[in-house]
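Undergrad: The sequence shown lines up with residues 1 to 140 when you count with this note's numbering.
Certain hints may be false.
Stated by the list, open to error - Okay, derived cross-link-like pairs now, DMTMM-like style, lysine to aspartate or glutamate, Cα gap no bigger than 25 Å in a straight line:
#1 K4 x E23
#2 K35 x E20
#3 K4 x E19
#4 K4 x D30
#5 K85 x D18
#6 K35 x E79
#7 K35 x E12
#8 K115 x E134
#9 K4 x E20
#10 K35 x E19
#11 K85 x E32
#12 K115 x E127
#13 K35 x E74
#14 K85 x D100
#15 K4 x D18
#16 K35 x D18
#17 K115 x D100
#18 K85 x E20
Hints were generated in silico from the structure; no laboratory data involved.
Keep in mind the model is a prediction, meaning the values are calculated, not measured.
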Amino acid sequence: MEYKAEYQRWIESSAVGDEERQELFGILDDDEAVKSRFFAPLAFGTAGLRGIMGAGINRMNIHIIRQATQGLAELILREGGEAGKRGVVICYDCRNHSRDFAVAAAEVMAGNGIKVYLFEGMRPTPELSFAIREYRAMAG
1 MEYKAEYQRW IESSAVGDEE RQELFGILDD DEAVKSRFFA PLAFGTAGLR
51 GIMGAGINRM NIHIIRQATQ GLAELILREG GEAGKRGVVI CYDCRNHSRD
101 FAVAAAEVMA GNGIKVYLFE GMRPTPELSF AIREYRAMAG
């Protein structure tokens with residue numbers, strides 16, 4: 001993928017908000033910064049998605065969350081049968097944008113017809129693990 005073309009696509013995208021667009025315009029003349037954000041997609045590792053917050057395909061942001069969630073939704077739907085009805089459990093913690101990311105993930109899942117159990121407040125990881133088993137959910 002040509003990182004400069006991807007950078008330009010993000011600047012021109014209607015899905016990118018004004019704050020993100022300003023952030024991207026701020027690096028317009030810094031080729032290394034552009035390359036750092038757009039040379040390759042953020043990798044999904046053993047601990048999930050981890051990365052620097054910011055605009056770009058190699059940064060943690062709402063667009064990357066939606067994209068990863070769509071992939072999980074497609075996997076669940078390929079299971080067929082009761083998979084979508086079993087649903088997913090989503091919670092969030094005190095980290096930056098955690099609630100926004102949780103809501104975005106819930107919207108993507110619901111948009112795919114998958115039942116969502118979304119906690120109303122911050123929760124520790126063990127509670128999520130318990131809820132997945134308790135609700136017999138497909139994922140969390």
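Undergrad: In ascending order, which of the hints set out earlier in this document are inconsistent with the structure?
TA: Violated hints: 5, 6, 11, 13 and 18; rest satisfied.
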